[in-house]
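J.: The chain contents come next:
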Amino acid sequence: MLHASHLWLIPALPLLAAAVGAAAPRTARRLPVALALGAIIGSFLLSLAALAGALAAPAAKLTANFTWFWAGSTAVRLGWLLDPLGALMSVLVCGVSVLVFIFSTAYLRDDPRLGRFFTCLSLFVAAMLGLLVANSLLLLLVCWELVGLASYLLIGFWFERPAAAAAAKKAFITTRLGDLGFLLGLLWLFHATGSSLFYDGGAGVLEGGALERLAATTLPGGWTAATGIGLLLFAGAVGKSGQFPLHVWLPDAMEGPTPVSALIHAATMVAAGVFLVARVFPLMAADQGLGGVPVHALTAVAVIGSVTALLGALLAVAQTDIKRVLAYSTVSQLGYMMLAVGVGAWEAAVFHLITHACFKALLFLGSGSVIHAAHHEQDARRLGGLATRMRFTYVTFLLGTGALIGLPLVFSGFWSKEAVLHAAELWPVSHLPFLAGLAGVVLTAFYMTRLVSETFLGRARGDGAAHAHESPRAMTLSLAVLAVASVAAGWIGTPAWPWLQSQLTGAPVAAHGLGEGLGLMILSTVLVGAGIAAGGWMYAHSPRADDRAPDPLARRFPGVFAALVARLWIDEFYAATVGRLLRGAAALAAWLERWVWGGLVSLTGRVAETTGEVNRAIDEDGLNTGFDRASDGLRDAAQRYSRAQTGEVQGYLRAVVVGLAVLALLLVWGGIR
Amino acid sequence: MSPLHLCLALSAALFCTGLVAVLIRGNAILVLLGVELMLNAANLNFLAFWRFGPGGGEAGLVFVLFSIAVAAAEAAVGMALVIAVHRHLRSIRIADANRLKG
Amino acid sequence: MILAVAPASPADAWLERAPLLLRDALTGWLPDALRPWVSALLSIAVILGVFGLLFAYMTLAERKLLGRMQNRPGPNRTGPFGLLQPFADAIKALTKEDIVPRAADRVLHFLAPVVLVALSLLGLAVIPFGRNLVAVELEAAVLYFFAAGAATELSIFMAGWASRNKYSLLAAMRALAQLISYEVPLLLSVVPVVVVAGSLSTTGIVAAQGGWAAGIWPHWHALTPWGFSAFAVFMIAALAESNRSPFDLPEAESELIAGHLTEYSGFKYALFFMAEYLGMAALSAMAVTLFLGGWQAPLGLLEFVPSYAWFGVKLLLLLLGFIWIRATFPRLRIDQLTRLSWKFLVPLALVNLLNGGFWAATADWSGPAAAVRWLVSALLVVVPFVALARSLAAGYGPRTYRYAPS
Amino acid sequence: MTTLLAVLALICLAPAVAAVLVRNLIHSALLFVLAWLGLAAFYLALGAEFVAFAQALVYVGGVSMVALFAVLLTRPGRTDLLPPPSAARAVGGLAAVSLVASMLASSLFWSRLPSMEPTAPIPLRRLGELLAGPYLVAVLLVGLILTVALIGGLLLAAPRRPAEGADA
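Residue numbers (this note's numbering), protein chains in the order written: chain D, 1 to 673; chain X, 1001 to 1102; chain S, 2001 to 2406; chain G, 3001 to 3168.
These are computed hints drawn from the structure, not numbers from a lab.
Values in this document were obtained by computation on a predicted structure and should not be read as measured data.
Where hints are given, some of them may not hold.
[As the list claims (entries may be wrong)] SDA-like, lysine to any residue: derived pairs with alpha carbons at most 25 Å apart:
#1 S/Lys-2343 to G/His-3027
#2 S/Lys-2343 to G/Ala-3158
#3 S/Lys-2343 to G/Ala-3149
#4 S/Lys-2343 to G/Leu-3154
#5 S/Lys-2092 to S/Tyr-2269
#6 S/Lys-2166 to G/Phe-3069
#7 S/Lys-2343 to G/Ile-3151
#8 S/Lys-2166 to X/Arg-1087
#9 S/Lys-2166 to X/His-1005
#10 S/Lys-2166 to G/Arg-3023
#11 S/Lys-2343 to G/Gly-3062
#12 S/Lys-2343 to G/Val-3148
#13 S/Lys-2343 to G/Phe-3069
#14 S/Lys-2166 to G/His-3027
#15 S/Lys-2343 to G/Val-3142
#16 S/Lys-2343 to X/Glu-1074
#17 S/Lys-2343 to G/Thr-3147
#18 S/Lys-2343 to S/Pro-2246
#19 S/Lys-2343 to G/Gly-3143
Work out the full structure: start from the sequences and follow the hints.
T.: Given below as structure tokens:
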């Protein structure tokens, strides 16, 4: 059991490790590693204690608030919040982090900047944990930005590579666009409610009074303050969670080391957006029952989520880089989560977030194992035939794949995706998101089958794959633990036993058995089967001969495939629109700078120059003569007096005694009494 | 002339002698000995007021003992300094030791 | 400051009272105001006479004994057994030409032997030669003794420097180094005696040594572990203080051709000799007073012998010891000399200080506890001695000599 | 009493003055010794027996030895004995004399010091009790100072090892 006022310990441990690691000499390689591992394990244990505390009273929002500083008469208050959502997420983040840390010790064993890597990882985890236990939107934003900074450092960890440096910048700038919305939303919220605390014994922004006031505040055009704030906050989540249209940074972020990818895409950074939306769900939902609102905040979330889910799955189909396939898959799955939040089932979103964290971490670490074994070859076309050489990795990768595509009944992904789709099906506004989700299911099964077949089946098509060996123990250990979690994590939220949902909402959710969603389950099973069949027919049935052979899909649908390979020209579109706009603006600014402002500046300069000339004349001819003479006098006098400083002790003493003698004579004979 | 006045007069004269030694002798050793003489003059004052003063002056006697002990320490360190300076400058004229730079 | 005018105690034996009775007979007719002064003058005269004679016959004894030890007869021509030799020497010294080098500092050259003799005599004033025989009774007599003795080396320095002779100057340097080195253990070895006796006065210290343990073991300080250690340190330091062999570096006939004495002749030379023996006698007398029970008899049944006789016997024994040591040991080098003092005697004396403090603190231990007290005290002497000796001797083996092949 | 003290004062003062004035360093140092001995005698006459002996022991047996040793070790050459410029000497001497003359004058002619009867001298035992009782801390501190001075003197005067100083 951990009291809310001690929650700060959870992020403080990794933060301390990061601070010490940063201060440690560059030659000390082991110290940051040991510190980071110790700190994250300590945080994990603390998180478990916190979870125990939270589950003891699921509905109670246990908080510990304090005043940071006073701005005038307004207190800026921060605090810690202990509820099942935050505690579960902490356990998840810490657990995955522990495994990723262990994996990294083997994966980056020979890297000269191992210590720096673990320092950054610790900072990253610390920021993420701080974000989870924060009871203040302001504190959350601080940690949010720290997460961004740490991700920038980690994606650009191999900064010698231009691609990595560019990807780091891209991730940072793209997410910053969303963060701008977040910041505006925060300011607006603070302005409207005078508080940034989530829960404050009735006075917090997520509690009744504030929500009613926000929903009642109307703006021109029928908007309410709640909608505006919700949409702005969602903009931050869009950036962080790689939602359309800001998803472009996420696949590029694969330039970072694979453990970083696992951490970013599985548990921490991308989860932050979903977590934010889930955390402020009451605010997002505040405008729900109101008529006359043009767009409800949650509707926007659902639409964006469904588009992202479909788009990510589509783009994943044509990728050849293992990690990029997984990255687009992450984009797609994040879309599912947003979709779930948008249709009001935020607990389903969190459920999917948890299961996804497990199996996506597994898949990324598995791909890392493959890449490590294949001498940093990550193009699936040049791999193949690894099933026999890396049996353990293959089996765990298969388990992860099963969880991702949602093989029925056993695998976790099935249950969580079923919960999401079930909620989407019941959404009264539109059926389009539901249909997009179903399409995504097919595509997911298809591209994962393609990936597994190309990577593991057939025969080796490159030197790296031909000489691959099973990875070291530290890697396979992490894989084994995650594989177990990938399978088992789904059992906590089945329709027959919705434990997770009832803990999250704080109210018992009735077990409705399998009957209600049975049709949907059968439907998705069929769709999954279709996807596997199509993938297997195309790729596993007749594996490609060598790495130059064209993709089977490209032979059948060349136009579609080319469009997908080009990622639907979204990056090019940005370059052509936003980029050109910016370039034009820059050119305009340069022109203005050179001819208009430049002229003004030159004129001002000329005026100043002339004034200066006049001043100089007055100074040199008038004032300086006097000063020069005074300075000369001063210097001469100083020289004369410095001659008294002979360095001879007796001279000084003599002076002292003469002074004393004069004093004594005055006192004795001079009549001064 | 009372004994107390005599003591004070002798003390003043000794102090003067020591001071003159410090001021007009060029040799560091003699300067140090002059300082010792000045200390002695001060000791004499303590003793004089212990003996002829308004009473309760046991502290005066004890203080002289301490003063003598400290003077011995001072002499030892002073002479060691003189030797060190001599080794460095090949001179014990106090006027030659007029630079901070060694 | 009390001049010795104590009346003779009628309880004492006649021999014991004899000196005092004699004094009273000689001064009894004087007015009371003059009596202390005359008796003080009398004491001075007696001391001068006794120690002058002692000096004369010590030189003879030394020459005879050294001669016997070196397998030769020694002086035997002047008078029976050479007994008139000292007087012959004195006459010779008085009649010889007094040579003063032209470059010498005449004043200091003259002053040095005079001052030396005067200072050597000063210390004798506070020695209690017998039960009532002390010239000056002082509260801080021990301190006075060492203050008076402190200046003796100064006169050796004066002699060495005033001679304007490089050997003499070397002797002066050595004398200063030796004095600075050995003054410390000398004084430190006395401190435990003062602590245990609880007095700085010589008569008090002698009184503290009266009586016998178990009727036969005198309470002399030298017969306790700490006292023995202090006694040994004191005697070694005393040897050095009086410039006696093996510490006769300022003189060092074989290296410095008599050092500070090189440029002295005639009566001044004789004065130096006199001062050496007087100093030796004074230090020995102090050693007797501090450690050997002063005038106390060694056994109760021997108390009928007058106290001053006991004192004389002990003094003579110590002086003969000086001569014996001179015949036995070779001279030390200057570095050995200083090392012996700073690295061996001073630490030993410091530990012994602790030991004396322990002895004083446990004065009331009796019975079995007394045995523990003796054991602890003995350990405090033996352990530091062995440890110091071993650490100093580390790296030194028995000396081996290599001879060139014949 | 006063006569005795006056005589002793002269015995003390005359060598001190001479010590300051003579050219010869050794003579000067020996005259200082004489002055200190005279001062010890003066203390004795004042009834401060212990202090007098301590003075003789420390100054005659310690300080003077160290000073003479320093004189011999440093072997002053001709230039070392050169006094400061005579003008400076005159100024210093005049200042010192006038300073002390005013002190003298004020103490002898204007001071309203009562001419007290001498207090009883302190028995030696009482002095020991004072030193071991109320002044124990001071005694320990003085011991510490002496130890530090001894070590400091050793370090200062010890020749530098050749490895450390090139000019040693």
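J.: For every hint, state whether the structure bears it out.
T.: Results for each hint:
Between S/Lys-2343 and G/His-3027, the direct Cα distance comes to roughly 34 Å. Violation of the 25 Å bound is thereby established for this hinted pair. Distance check on the hinted pair: S/Lys-2343 and G/Ala-3158 sit about 16 Å apart at the alpha-carbon level, within 25 Å; holds. A C-alpha spacing of about 18 Å is found between S/Lys-2343 and G/Ala-3149, which places the hinted pair at or below 25 Å, so the restraint holds. Restraint check for S/Lys-2343 and G/Leu-3154: the C-alpha separation of about 14 Å stays at or below 25 Å, so the hint holds.
A C-alpha spacing of about 11 Å is found between S/Lys-2092 and S/Tyr-2269, which places the hinted pair at or below 25 Å, so the restraint holds. At roughly 16 Å between alpha-carbon atoms, S/Lys-2166 and G/Phe-3069 fall within 25 Å of each other, so this suggested pair holds. Note on S/Lys-2343 and G/Ile-3151: the hinted pairing holds, with a Cα-Cα distance of about 15 Å set against a maximum of 25 Å. Taking the CA atoms of S/Lys-2166 and X/Arg-1087, the gap is near 22 Å; set against the 25 Å cutoff, the hint holds.
For the hint pairing S/Lys-2166 with X/His-1005, the CA-to-CA distance comes to about 48 Å; that exceeds 25 Å, so the pair is violated. The straight-line distance between the Cα atoms of S/Lys-2166 and G/Arg-3023 is roughly 22 Å, inside the 25 Å bound, and the hint therefore holds. The hinted pair formed by S/Lys-2343 and G/Gly-3062 meets the criterion: a straight-line CA distance of about 20 Å does not exceed 25 Å. Between the alpha carbons of S/Lys-2343 and G/Val-3148 the distance comes to roughly 18 Å, so the proposed pair stays at or under 25 Å and holds.
A distance of roughly 21 Å separates the Cα atoms of S/Lys-2343 and G/Phe-3069; the hinted pair therefore holds under the 25 Å criterion. Simply put, S/Lys-2166 and G/His-3027 have alpha-carbon atoms about 18 Å apart, close enough for the 25 Å limit, and the pair holds. With a C-alpha separation of about 23 Å, the suggested pair S/Lys-2343 and G/Val-3142 falls inside the 25 Å cut-off, and the hint holds. At most 25 Å may separate the alpha-carbon atoms for a hinted pair to count; S/Lys-2343 and X/Glu-1074 meet this at roughly 24 Å.
Between S/Lys-2343 and G/Thr-3147, the direct Cα distance comes to roughly 16 Å. Compliance with the 25 Å bound is thereby established for this hinted pair. For the hint pairing S/Lys-2343 with S/Pro-2246, the CA-to-CA distance comes to about 18 Å; that is within 25 Å, so the pair holds. With a CA separation close to 20 Å, the supplied pair S/Lys-2343 and G/Gly-3143 stays within the 25 Å bound.
Checked against the numbered hints listed earlier, the structure breaks hints 1 and 9; every other hint is satisfied.
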